[in-house]
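2 protein chains.
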Amino acid sequence: MLSKANIQHIKSLEHKKFRQEYGEFIMEGRKIVMELINAPGPFRIKKLYLEEGLPGPAMTPEAEYISAKEMERISSQTTPSGALAVVEIPKVPVALPQKGYLYLALDGVRDPGNFGTILRLADWFDIAAVYASPDCVELYNPKTVQSTMGAILRVPVHYTPLAPLLEGCSLPVTGSVLVGGTDINNTHLPSEGMIVLGNESQGISHEVLEHIPVRLYIPAYRRGSESLNVATAAAIICAAFRRNLPPLPTQPDI
Amino acid sequence: MLSKANIQHIKSLEHKKFRQEYGEFIMEGRKIVMELINAPGPFRIKKLYLEEGLPGPAMTPEAEYISAKEMERISSQTTPSGALAVVEIPKVPVALPQKGYLYLALDGVRDPGNFGTILRLADWFDIAAVYASPDCVELYNPKTVQSTMGAILRVPVHYTPLAPLLEGCSLPVTGSVLVGGTDINNTHLPSEGMIVLGNESQGISHEVLEHIPVRLYIPAYRRGSESLNVATAAAIICAAFRRNLPPLPTQPDI
Chain A
1 MLSKANIQHI KSLEHKKFRQ EYGEFIMEGR KIVMELINAP GPFRIKKLYL EEGLPGPAMT
61 PEAEYISAKE MERISSQTTP SGALAVVEIP KVPVALPQKG YLYLALDGVR DPGNFGTILR
121 LADWFDIAAV YASPDCVELY NPKTVQSTMG AILRVPVHYT PLAPLLEGCS LPVTGSVLVG
181 GTDINNTHLP SEGMIVLGNE SQGISHEVLE HIPVRLYIPA YRRGSESLNV ATAAAIICAA
241 FRRNLPPLPT QPDI
Chain B
1 MLSKANIQHI KSLEHKKFRQ EYGEFIMEGR KIVMELINAP GPFRIKKLYL EEGLPGPAMT
61 PEAEYISAKE MERISSQTTP SGALAVVEIP KVPVALPQKG YLYLALDGVR DPGNFGTILR
121 LADWFDIAAV YASPDCVELY NPKTVQSTMG AILRVPVHYT PLAPLLEGCS LPVTGSVLVG
181 GTDINNTHLP SEGMIVLGNE SQGISHEVLE HIPVRLYIPA YRRGSESLNV ATAAAIICAA
241 FRRNLPPLPT QPDI
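Chains A and B, in that order, give the protein sequences.
Note that my numbering has the first sequence beginning at 1, numbered continuously upward.
Note that my numbering has the second sequence beginning at 1, numbered continuously upward.
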């Protein structure tokens, strides 16, 4: 049985202020919670709520079965999927980029859906880590967590000012721009390096742009077309960087 | 001065039921409204609300200046941008695909943000029209309109059952699948045809898949990575289809 204080505590974690105060955030959904339990990563489960009657993981000291009604009260989803974890926000030191790997750096990406979708892409395209400028949306925003579709468990995210990071970066640094720069289809793209993506409406800030020697753009094919959403631009760029590498072996046709 | 009935009418258009009843929808934002006024397309403005004091288009019989307070009452945005149009939902007959053009067909795309983002992409990559299965989200949903960023004015959308459309289609038909099929990087992609994209969690329905002779997949580069969001998959696929075509001349570096 959930106490009123418990419910209030969990609901408070929908707000950044309380996530920071308690050092906790929410992961919700049966699939992501199952992955979380098995994940080797830095995320420690403080409390796990499972809906009665649903097949779930074996009981652990953190797990508690609650009624569907109770789940509805703590869930932030319109259709609760039956599993919700309260997770400790890990304190991971910022790791510097390493030779041989590909990284993304996000300069002021504000929309949680975009940020989460980019993390999901980063996972798909084997990006070693994502660096986020301090004015990016918070990783632990419930909408961000949700739209990573589990990639939050596999892709490290480091919040750090980008200008010094790029200045000290020994890997090739490229950035996506809307005007000027090199057509992404007509240039050699390295298999290691740092790819910078900018804010939804302003693009990459001047301060960061100064540290980007190679600027890439995605060509448009219709006059009057406006711009691309940052997550779709990230998709096209990541696919272009990976195009010439051997992908994973595919699963058989089912 | 806006009457209470006016305000209620405008707010009612946030709901599908009333959009269908009145045959009207809302476009909001100074940029999209300016584009709407100059658009050659099928969209007829029934009423145009502009915030007093903002530079706006020349007055037309449909235009009315209202106060910032009034704009707040009719706007569905947290920060109203000062222009809101009530637009007639056009009755456009379904146009069949034509030789020489590239089309998208969406099978059950449910999320308004995804649908709108795909329209924005379609504009960028010069897709002639988008076909949407009847169970796709509604084009006139405010969130869909918003995320098209104006592309709704340039890309025709036709709601129609996809199986008969594909069956009668004389252009090359391809579809994006998660398993099986051909690596998109290792196959010739035609400059005309129909590209089918599926639902966010189910992919392309069996009924529609039967009519897709060429199935394409986007290779993954990390084991355990889950799947791609449908709008990011659309981005990668559209970019791949256009890669070998000459893009528009670029603007000078600014």
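Don't take every hint at face value.
Identical chains blur together in the list; that is why a pair holds if it fits in one copy or across any two.
[What the hints assert, rightly or not] Simulated pairs of lysine-lysine, DSS-like, Cα-Cα distance not exceeding 27 Å:
hint, residue 1, residue 2
1, K69, K4
2, K99, K143
3, K4, K91
4, K69, K91
5, K17, K47
6, K47, K16
7, K69, K99
8, K99, K17
9, K11, K99
10, K16, K143
11, K46, K99
12, K31, K99
13, K47, K99
14, K143, K11
15, K4, K99
16, K46, K31
17, K46, K4
18, K16, K99
19, K69, K31
20, K47, K91
By construction, these hints were calculated from the structure, which means they are not laboratory data.
Practice item. Could you tell me which of the numbered hints above are not met by this structure, giving the numbers in increasing order? Key: Checked against the structure, the hints that fail are numbers 2, 3, 4, 7, 8, 9, 11, 12, 13, 15, 18, while the rest are satisfied.
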